[in-house]
Amino acid sequence: MASVDAQASEQNADAELDADLLTMNTEKVSLGNIPQDFISFILEKPGDFCISTNSTASYLLSIRSDKDKTFHLALETTA
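Per my numbering, the very first residue in the sequence shown carries number 1186; after that it's consecutive.
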């Protein structure tokens, strides 16, 4: 029974994170200012991704590819 509760709790947390990502609520999903070299170590599997900030205060979307490479896409904010 405990494993069912833990699984339901994990699914709720995943759904909440997905909702934050879809609305770009970056306050809840951003990792902060992390060097791009370090992000490559955080993303372990193909398809893993994260949002961070860079030195110009724009957001950086980093995605791990199936070729063992990490791609970074700078997302500029508009005022």
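These are calculated hints, taken from the structure and not from any lab test. It is possible that some hints are incorrect.
Simulated pairs of lysine to aspartate or glutamate, EDC-like, Cα-Cα distance not exceeding 20 Å [to be verified]: (1) K1230 / D1190; (2) K1252 / E1229; (3) K1252 / D1233; (4) K1230 / E1261; (5) K1230 / D1251; (6) K1254 / D1233; (7) K1252 / E1201.
Hints and how they fare:
With a C-alpha separation of about 27 Å, the suggested pair K1230 and D1190 falls outside the 20 Å cut-off, and the hint is violated. Straight-line distance between C-alpha atoms of K1252 and E1229 comes to about 12 Å, which keeps the hinted pair within the 20 Å bound. Restraint check for K1252 and D1233: satisfied, since their Cα atoms lie roughly 13 Å apart, inside the 20 Å limit. Annotation: proposed proximity of K1230 to E1261 is violated, straight-line Cα distance about 26 Å (limit 20 Å).
Pair hint K1230 plus D1251 holds up; C-alpha atoms about 8 Å apart against a cutoff of 20 Å. With a CA separation close to 11 Å, the supplied pair K1254 and D1233 stays within the 20 Å bound. For the hint pairing K1252 with E1201, the CA-to-CA distance comes to about 29 Å; that exceeds 20 Å, so the pair is violated.
The structure is inconsistent with the numbered hints 1, 4 and 7, although it conforms to all the rest.
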